[in-house]
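Enquirer: Please model the complete structure; the sequences and the hints are all you need to start from.
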Amino acid sequence: MAEVLVLVDHANGTVRKTTAELLTIARRLGEPSAVFVGEGFEAAKEALAKYGAEKVYRVESADVTDHLVAPQAEVLAQLVASASPAAVLIPSNSAGKEIAARLAIKTESGLITDAVDVQAGEGGGVKTVQSVFAGSYSVTSTVTKGTPIVTVKPNSAAPEEAAGAAADEVVEVSISDAAKAAKITESKPKEATGRPELTEAAIVVSGGRGTGGDFSKVEEFADSLGAAVGASRAAVDAGWYPHTSQVGQTGKQVSPQLYVACGISGAIQHRAGMQTSKTIVAVNKDEEAPIFELVDFGVVGDLFTVLPQATEKVQAAKG
Amino acid sequence: MNIVVCVKYVPDAQSDRTFNDSDNTTDRVGVDGLLSELDEYAVEEALKIVEAGEGEVTVLTVGPDQAADALKKALQMGAHQAVHVNDAAIHGSDSVATSLVLAEAVKKIGTPDLVMTGMASTDGTMSVVPAMLAERLGLPQVTFASELTVDGSTVTIRRDGDAASETIVASLPALVSVTDQINEPRYPSFKGIMAAKKKPVQTWSLADLGVDPSQVGLDAAWTKVESFTKRPPREQGQIVTDEGDGGAKLAEFLSAQKFV
Ligand SMILES: Cc1cc2nc3c(=O)[nH]c(=O)nc-3n(C[C@H](O)[C@H](O)[C@H](O)COP(=O)(O)OP(=O)(O)OC[C@H]3O[C@@H](n4cnc5c(N)ncnc54)[C@H](O)[C@@H]3O)c2cc1C
Ligand SMILES: Nc1ncnc2c1ncn2[C@@H]1O[C@H](COP(=O)(O)O)[C@@H](O)[C@H]1O
Numbered sequence: 001m002a003e004v005l006v007l008v009d010h011a012n013g014t015v016r017k018t019t020a021e022l023l024t025i026a027r028r029l030g031e032p033s034a035v036f037v038g039e040g041f042e043a044a045k046e047a048l049a050k051y052g053a054e055k056v057y058r059v060e061s062a063d064v065t066d067h068l069v070a071p072q073a074e075v076l077a078q079l080v081a082s083a084s085p086a087a088v089l090i091p092s093n094s095a096g097k098e099i100a101a102r103l104a105i106k107t108e109s110g111l112i113t114d115a116v117d118v119q120a121g122e123g124g125g126v127k128t129v130q131s132v133f134a135g136s137y138s139v140t141s142t143v144t145k146g147t148p149i150v151t152v153k154p155n156s157a158a159p160e161e162a163a164g165a166a167a168d169e170v171v172e173v174s175i176s177d178a179a180k181a182a183k184i185t186e187s188k189p190k191e192a193t194g195r196p197e198l199t200e201a202a203i204v205v206s207g208g209r210g211t212g213g214d215f216s217k218v219e220e221f222a223d224s225l226g227a228a229v230g231a232s233r234a235a236v237d238a239g240w241y242p243h244t245s246q247v248g249q250t251g252k253q254v255s256p257q258l259y260v261a262c263g264i265s266g267a268i269q270h271r272a273g274m275q276t277s278k279t280i281v282a283v284n285k286d287e288e289a290p291i292f293e294l295v296d297f298g299v300v301g302d303l304f305t306v307l308p309q310a311t312e313k314v315q316a317a318k319g
Numbered sequence: 001m002n003i004v005v006c007v008k009y010v011p012d013a014q015s016d017r018t019f020n021d022s023d024n025t026t027d028r029v030g031v032d033g034l035l036s037e038l039d040e041y042a043v044e045e046a047l048k049i050v051e052a053g054e055g056e057v058t059v060l061t062v063g064p065d066q067a068a069d070a071l072k073k074a075l076q077m078g079a080h081q082a083v084h085v086n087d088a089a090i091h092g093s094d095s096v097a098t099s100l101v102l103a104e105a106v107k108k109i110g111t112p113d114l115v116m117t118g119m120a121s122t123d124g125t126m127s128v129v130p131a132m133l134a135e136r137l138g139l140p141q142v143t144f145a146s147e148l149t150v151d152g153s154t155v156t157i158r159r160d161g162d163a164a165s166e167t168i169v170a171s172l173p174a175l176v177s178v179t180d181q182i183n184e185p186r187y188p189s190f191k192g193i194m195a196a197k198k199k200p201v202q203t204w205s206l207a208d209l210g211v212d213p214s215q216v217g218l219d220a221a222w223t224k225v226e227s228f229t230k231r232p233p234r235e236q237g238q239i240v241t242d243e244g245d246g247g248a249k250l251a252e253f254l255s256a257q258k259f260v
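Chains as they are written, first to last, in the working numbering: chain A, 1 to 319; chain B, 1 to 260.
If a hint is listed, it holds; no wrong ones were tucked in.
Once the Cα atoms are required to be at most 27 Å apart in a straight line, the calculated BS3-like pairs of lysine-lysine come out as:
id: 1; chain 1: A; residue 1: K127; chain 2: B; residue 2: K224
id: 2; chain 1: B; residue 1: K107; chain 2: B; residue 2: K72
id: 3; chain 1: A; residue 1: K183; chain 2: B; residue 2: K48
id: 4; chain 1: B; residue 1: K108; chain 2: A; residue 2: K180
id: 5; chain 1: B; residue 1: K48; chain 2: B; residue 2: K197
Footprint (simulated), chain B over chain A, 3 or more residues, beta carbon under 8 Å:
id: 6; stretch: 57-70
id: 7; stretch: 178-192
FYI, nobody ran anything at the bench for these hints, they're computed from the structure.
The C-beta atom is built at its ideal place from N, Cα and C for all residues, glycine as well.
Expert: The following block contains the structure:
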């Protein structure tokens, strides 16, 4: 069976949920081989084995880790040449899409970004589904040239365990000077919030201009549900919440089981980031707010009274 | 400092965007279009750099006749000249082909110190053309800049990553994409609108760029859209007005849906 390369998303060896999803998808297409770039392989090995990685290509060179995406694209191009994989699966975050873009040009291969589903194609290859135009269309595509390169959005598959050998193979890479031309000179880690990662969370509670800058009620409600907290651009632009929490066209695209919009009107650019959520709930003072066109359940009311009551009831229900 | 800014003509996000039934490509003709809002940030940043020093800003688009509107807006904002690559064979091109045409056009313009782009097109939000363009031009790639400074030989950006805020340095020439956090794009002034009418706009065909038409367009695409379906509109949900029990009703809904 042909190998399927999966680029591992991790922080110092702590493997993200998206990697388990990608390995699960990879098994539909062939035999998963993880590509692990950076430090922390020992910590990651177990998680990779658990979701069926038969092989793990390890790359530890500082030439790769100190630079942006270009060296990772070179690493993958080398592996595509040596392993002739059936497909390459890459997490659909901004770095992942850039790596995929460069890999596509290098290997003259078709690229599909932001897939929400990937299946084996009828005559081999892959068949992907993307959600476009703010979620209003769903598009099925195939790759017609080279090695299919697909970036896959979080929550596109339910991770399924399957034991793999995770046999590691250190890959010696030679990175070109050109790929090293952009260097990361400083990196200030973000403060941990203790909440789930926005794009991976099963539940997201977001606040907008309607919070008036006070996110406490939004956060308390989110915590009662174990949710991630998001924000509209209006709230981010006002400096109330960090830009990395922005949901929408120029922020994160989220697709959780449940999305709760609090004090958010539902502008098209906001919708572009949350419209594919399974269940949508809104709390808004204005019954005419466009967000209500999308909701499964809406409360017309003041978030400062509705959310605390809901938080209390949720906590009581949990016991 | 000479800067080329790649700008895209996109269907207006407020209008109903759709596909052409005949060939499954995005309909760029039947709906109103405009300069992609996210490219205005790149135009603004380029103008600021040039205004603080010297040099010229050239705006470049690949698109149909109407794409001239995107160039016009950028010229009205203050760009010095424009290049429009327009060729019937380009219709239906994917990002791979678009990046090829953009790369050849940048080379013909003459390698600038900076090539700038928006963070994503508002119609596709793929965010892949900048990386592809950097790959094709062999330029260092510094993308998603929320702050940018240039000196004689380097460009430094700051960007907001998920895990960290990063500072990235690259030598010039380089390719930079900017986010909507970087500045506040200016509105064209009356003077700018008048001046734009006299600014040079060159129109190039694929032949002018030495690009073989078989490398672009729908048939050259390395992926194929098999089908598209319009999502059924979401069913009208249940909406309650808070009469002192709105929060309780919300919690009930969440319990019934097994979120609690
Ligand atoms: C190029 C571009 C990109 C953009 N990208 C994004 C993006 O990524 N994400 C994004 O979100 N936006 C984006 N926007 C901005 C978008 O157009 C809207 O301006 C923004 O989403 C509005 O945020 P909001 O809903 O919080 O504020 P508003 O539209 O002001 O809505 C506030 C809502 O809160 C309600 N409210 C007020 N007080 C209360 C209360 N006490 N209780 C309950 N409800 C209350 C009001 O009724 C109102 O509906 C973008 C815009 C552009 C031009
Ligand atoms: N047809 C085009 N003409 C000019 N610039 C483009 C074109 N397509 C994409 N770009 C540039 O590439 C950026 C990202 O585009 P995309 O990868 O399509 O999201 C845009 O913000 C533009 O700066």
